[in-house]
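> Please put together the full structure from these sequences, using the hints given.
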Amino acid sequence: MNIKEIGKTILYFLFLAAILIGLRQFVFTPVVVKGDSMDPTLIDGERVIALKNTEIKRFDIVTFPAPDDLGKNYIKRVIGLPGDTVEYKNDTLYINGKKYDEPYLDEFKGKLTDDQPLTYDFDLKELFGSEKVPAGELFVLGDNRRISKDSRIIGMIKKKDIMADVKFVFWPLGRFGTVD
Numbered sequence: 117m118n119i120k121e122i123g124k125t126i127l128y129f130l131f132l133a134a135i136l137i138g139l140r141q142f143v144f145t146p147v148v149v150k151g152d153s154m155d156p157t158l159i160d161g162e163r164v165i166a167l168k169n170t171e172i173k174r175f176d177i178v179t180f181p182a183p184d185d186l187g188k189n190y191i192k193r194v195i196g197l198p199g200d201t202v203e204y205k206n207d208t209l210y211i212n213g214k215k216y217d218e219p220y221l222d223e224f225k226g227k228l229t230d231d232q233p234l235t236y237d238f239d240l241k242e243l244f245g246s247e248k249v250p251a252g253e254l255f256v257l258g259d260n261r262r263i264s265k266d267s268r269i270i271g272m273i274k275k276k277d278i279m280a281d282v283k284f285v286f287w288p289l290g291r292f293g294t295v296d
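Using this note's numbering, the first residue of the sequence shown is number 117, and each one after it goes up by one.
For the record, the hints were derived by calculation from the structure and aren't laboratory data. None of the values given here were measured: they were computed from a predicted structure.
The calculated DSS-like cross-link candidates involving lysine-lysine, where the alpha carbons are at most 27 Å apart (straight line), are: (1) K265 to K283; (2) K214 to K225; (3) K168 to K265; (4) K276 to K248; (5) K205 to K173; (6) K225 to K241; (7) K276 to K173; (8) K241 to K275; (9) K275 to K214; (10) K241 to K173; (11) K275 to K168; (12) K173 to K248; (13) K283 to K225; (14) K188 to K265; (15) K168 to K283; (16) K215 to K265; (17) K168 to K274; (18) K274 to K173; (19) K215 to K274; (20) K173 to K214; (21) K188 to K150; (22) K215 to K225; (23) K173 to K150.
Here's what the structure looks like:
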């Protein structure tokens, strides 16, 4: 190999590294799931890809800094958007008075054997004294509702604090694919 070829190869790898760093900085971030609050959708130890700068929609799974534990991040599901009323009655979700199915919870609910609901009854007024999700904020829940430290405990999450939207599991390989 001559010096010209070595120089081209080095430039190629520097260019490739710059693209990968740019993508990692502005487009996506890898995230390690810690804990059981998103079972069975996301499992402790899984590695996922989360997209940055996406429009957050209802039922998206998002990451954000834990408001009660500096240096830690949480992964939760967006349930309430600004202006929404949110309540649970008889283990059923109601948003703005409309019943919503949560098929991602069916498997978990089917395994319960204690005749207790997965999600206990609540409404926003009871939790926060206000009936609606405030402007610029989100109401989030973990899928494992009995143990999840979510908006019922830590309060609403500021929309601007959302770091990324979880879209893809890449490890372990047996669970490789998109997150529903």
